[in-house]
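Trainee: One letter stands for each residue in the lines below.
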Amino acid sequence: MNIGEILLNLWEKSGFAAATWQNYVMLLIGCVLLYLAIVKKFEPLLLCGIAFGCILTNLPMANMYHQELWTAFMNKEIGYGEIMKSGGLLDFFYIGVKTSIYPCLIFMGVGAMTDFGPLLSNPKSLLLGAAAQMGVFAAFVGAIALGFSGPQAASIGIIGGADGPTAIFLTSKLAPELLGAIAVAAYSYMALIPLIQPPFMKLLTTKEQRKIKMEQTRKVSKAEKIVFPVAVTLFVALLLPDTAPLIGCLMLGNLAKETGVTDRLSDTMQNALMNIVTILLSISVGATMVGSNFLTAETLKIVVLGVVAFILSTCGGLLVGVLMCKLTKGKINPLIGSAGVSAVPMAARVANKEGQKANPANFLLMHAMGPNVAGVIGSAIAAGFLLSIFGA
Amino acid sequence: MENITLGQGGILALLGYAMVFVGLILLMVLTIILGKFFMAIAKKDAAPASAKQEETPAPVVDAPTAPGAAGQLKLYNVEPKTAAMVMAIVADKMGKPINELRFLSIKEVAE
Numbered sequence: 001m002n003i004g005e006i007l008l009n010l011w012e013k014s015g016f017a018a019a020t021w022q023n024y025v026m027l028l029i030g031c032v033l034l035y036l037a038i039v040k041k042f043e044p045l046l047l048c049g050i051a052f053g054c055i056l057t058n059l060p061m062a063n064m065y066h067q068e069l070w071t072a073f074m075n076k077e078i079g080y081g082e083i084m085k086s087g088g089l090l091d092f093f094y095i096g097v098k099t100s101i102y103p104c105l106i107f108m109g110v111g112a113m114t115d116f117g118p119l120l121s122n123p124k125s126l127l128l129g130a131a132a133q134m135g136v137f138a139a140f141v142g143a144i145a146l147g148f149s150g151p152q153a154a155s156i157g158i159i160g161g162a163d164g165p166t167a168i169f170l171t172s173k174l175a176p177e178l179l180g181a182i183a184v185a186a187y188s189y190m191a192l193i194p195l196i197q198p199p200f201m202k203l204l205t206t207k208e209q210r211k212i213k214m215e216q217t218r219k220v221s222k223a224e225k226i227v228f229p230v231a232v233t234l235f236v237a238l239l240l241p242d243t244a245p246l247i248g249c250l251m252l253g254n255l256a257k258e259t260g261v262t263d264r265l266s267d268t269m270q271n272a273l274m275n276i277v278t279i280l281l282s283i284s285v286g287a288t289m290v291g292s293n294f295l296t297a298e299t300l301k302i303v304v305l306g307v308v309a310f311i312l313s314t315c316g317g318l319l320v321g322v323l324m325c326k327l328t329k330g331k332i333n334p335l336i337g338s339a340g341v342s343a344v345p346m347a348a349r350v351a352n353k354e355g356q357k358a359n360p361a362n363f364l365l366m367h368a369m370g371p372n373v374a375g376v377i378g379s380a381i382a383a384g385f386l387l388s389i390f391g392a
Numbered sequence: 393m394e395n396i397t398l399g400q401g402g403i404l405a406l407l408g409y410a411m412v413f414v415g416l417i418l419l420m421v422l423t424i425i426l427g428k429f430f431m432a433i434a435k436k437d438a439a440p441a442s443a444k445q446e447e448t449p450a451p452v453v454d455a456p457t458a459p460g461a462a463g464q465l466k467l468y469n470v471e472p473k474t475a476a477m478v479m480a481i482v483a484d485k486m487g488k489p490i491n492e493l494r495f496l497s498i499k500e501v502a503e
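Chains as they are written, first to last, in the numbering used here: chain A, 1 to 392; chain B, 393 to 503.
Everything labelled a hint here was simulated from the structure, so no lab data went into it.
Honestly, I wouldn't trust all of these hints.
[Claimed, not checked] Some, not all, of what chain B presents toward chain A, calculated at C-beta under 8 Å:
#1 L398
#2 L404
#3 A405
#4 Y409
#5 M411
#6 G415
#7 L422
#8 A434
#9 V478
Using N, Cα and C, we set each Cβ at its ideal position, and we do this for glycine too.
Start from the sequences, fold in the hints, and give me the full structure.
Mentor: Have a look at this one:
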C-alpha cells in the first residue's frame with residue numbers, strides 16, 4: 001500500500017481533477033448570481049435558488065443533473081421511467097418543470113394573491129396589457145434574424161412578457177436547452193424594472209401627462225369578483241386551449257381568494273404552496289445551467305434580446321397609454337401603460353413612483369394594477385399563441 | 393414549424409400581436425357586460441330598500457358615528473358649525489382627508 005498512490009487515487013476521484021474550465025466558470029457565475037440575489041436583492045426568492053442550482057449542477061462527478069438524459073428524452077429515445085431509474089436529485093426536481101407542474105402551481109399562488117378589482121372597475125386597462133406585449137413579438141422577430149429556430153425565438157420573445165412562470169412554461173415546452181439562460185434573463189430584468197422603465201417613461205410622455213390625476217374607480221361587488229375568474233377561464237381557454245393550464249391555475253387561485261369560503265386553501269396557495277414550489281422551481285431552473293449549454297454565444301444573444309423585449313414592451317404600453325390619454329382628453333395618465341408588462345406588482349409601483357415624481361399628490365398604484373394584471377393575462381395569451389404555432 | 397424565414401416570422405409576429413389584442417378586447421367587452429349586469433342588479437336591490445325606508449319613518453335614535461370617525465368630539469364653548477369649519481381648515485392645511493384625522497376636543501381660548 002503506497003501512500004502516494006492512495007493520494008493520487010483520491011485526487012483523480014475528486015471533483016477538482018474532473019472539473020473542466022466550463023465547470024469553474026459556471027461555479028463563478030453561480031456565485032455572482034448569489035451575490036446579486038443576496039447583496040443587490042435582485043428577485044432573491046428565485047435568484048438564490050437558481051444560483052445554487054447552477055452551482056450544484058456544475059459540481060463535477062456529483063451526478064445531480066444529467067443533461068444527456070434530458071437530451072435523449074427530448075429525442076424520444078427514453079421516457080420518464082429511465083430518468084427515474086438513472087437520474088439524480090435535480091433530475092427529479094426538473095420533472096416538475098418539464099411537466100409544467102411548477103409554473104402552473106406558481107400561477108395558482110399568483111392568482112390567490114391578485115386582486116382583479118382595479119381591472120374590473122376599469123376594463124380599458126386590458127388594452128394596455130395587450131399593447132405591452134409588443135416586445136414579445138419584436139424580440140421573436142429579432143431572434144429569428146439572429147439565427148434562432150422558430151421555437152427558440154418564441155421562447156426568447158416571451159421574456160418580453162415579464163412573467164417568469166409563463167417564460168418557464170413556454171421554454172420548457174419549446175426550447176428546454178435555453179431554459180437556464182431565458183429564466184435568468186427574465187428574472188434579472190424583472191428585478192431591474194425600476195432602472196429599465198423610467199427613462200422610457202420620461203421619453204414617451206410629457207410632464208403634463210405624467211401629472212394627470214386619475215379619478216377614483218367604481219367599487220366592484222363580490223359577486224363580480226367571483227364570476228370573473230370563471231368567465232375568464234372559460235373564455236380564454238376556449239379561445240386558445242394551450243393557455244388553459246396557466247390561465248386555469250391563475251383563475252383557480254383567484255377564485256379561492258374571492259369566494260370567501262376557501263380561505264384555508266387560498267392561504268396555502270399564497271404561502272406554503274407558493275414557497276415550496278418556488279424552491280423546487282428555482283433549483284430546477286438553475287440545474288439546467290450546465291456549462292456546455294450556457295457558455296455559448298446564444299446566451300449572450302438571449303441577454304441582449306431580453307432587454308430589448310423588455311424595453312419594447314414598456315414602450316408599447318406607454319404609446320397606447322398616450323393614445324388613450326389623448327382620446328379621453330387627459331383622463332388617463334399614460335404612465336400606467338408601462339405597468340402592462342406584468343411583473344406584478346413591481347411595474348405598477350414604478351408607474352406610481354414616476355407619477356409622484358411629477359406630482360407628489362398623484363396616487364397611480366391602484367390604477368396601474370389594472371394594466372399590470374391585464375399584462376399577466378396578455379402574456380399568457382401570447383404564450384398560448386406561440387405554443388399553438390410551434391408546439392408539437 | 394422548426395425553421396422559419398424572417399418574413400414568415402414577421403407575419404407570425406403581427407398575427408400574434410393582433411391575437412393578443414383581439415383576445416383582450418373580447419375580454420374587455422365581456423368584463424364591461426359583466427360589470428353592467430352586476431351594477432344593474434345592485435341598483436335593483438337598492439331601489440326596494442330605499443322605497444321601504446321611505447314608507448316607514450325611521451325611529452328617532454342617536455345618529456351613528458360616521459364611517460372612519462374616531463370616536464366623539466368634545467366641544468367647549470364652540471358652536472358645531474364653527475367646529476366643522478375649524479376641522480375642515482385643519483385638514484386642508486395639512487393636505488389630508490378629514491376622516492384620517494382625529495379631533496379629540498375643540499375649545500375656545502378666551503383672551
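Trainee: Look at each hint and say if it fits the structure.
Mentor: So, going through the hints one by one against the coordinates:
Taken as an interface hint, L398(B) checks out: its beta carbon lies about 6 Å from the nearest beta carbon of chain A, inside 8 Å. Because the beta carbon of L404(B) sits about 6 Å from the nearest beta carbon in chain A, less than 8 Å, this interface hint is met. Hint status for A405(B) relative to chain A: holds, with the closest Cβ pair at about 4 Å, below 8 Å. Annotation: interface hint on Y409(B) holds; nearest CB of chain A at approximately 5 Å, less than 8 Å.
Hint status for M411(B) relative to chain A: holds, with the closest Cβ pair at about 5 Å, below 8 Å. With a least beta-carbon distance of about 5 Å to chain A, the hint placing G415(B) at the interface is held under the 8 Å criterion. The interface hint given for L422(B) is met, as the beta carbon of that residue sits about 6 Å from the closest beta carbon of chain A, less than 8 Å. Using the Cβ-Cβ criterion of 8 Å, the hint placing A434(B) at the interface with chain A is satisfied: the shortest such distance is roughly 6 Å.
Because the smallest distance between the Cβ of V478(B) and any Cβ of chain A comes to about 23 Å, over 8 Å, the interface hint for this residue is violated.
The earlier numbered hint that this structure contradicts is number 9, and it is the only one.
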